[in-house]
Amino acid sequence: LGWLPGYKAIHCLRRPSRLFTKQHTIYCLDMHCRLQIPETKADPLPFLLNKFPTHKLRF
1 LGWLPGYKAI
11 HCLRRPSRLF
21 TKQHTIYCLD
31 MHCRLQIPET
41 KADPLPFLLN
51 KFPTHKLRF
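Oh and the sequence shown: position 13 is 13 in full-length UniProt numbering, straight run, nothing missing.
The hints are all genuine.
In silico SDA-like pairs for lysine to any residue, Cα to Cα no more than 25 Å straight-line:
#1 Lys22 to Phe52
#2 Lys51 to Leu29
#3 Lys41 to Met31
#4 Lys8 to Thr25
Read the hints as simulated data drawn from the structure, not as lab findings.
Build out the structure end to end from the sequences listed, making use of the hints.
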């Protein structure tokens with residue numbers, strides 16, 4: 001996976017003619033739909049991670 005350290009170019013299992021890049025992964029695995037994130041967000045992973053609380057909740 002190209003966006004991770006130690007990148008080795010690999011091909012997508014669903015579409016062997018395409019490299020398994022970050023953008024192709026988002027499209028191929030239909031991440032926007034699975035994560036219920038608007039398609040206007042180009043990269044759904046940081047959008048999702050930024051929704052987590054930044055500090056501990058008090059009870």
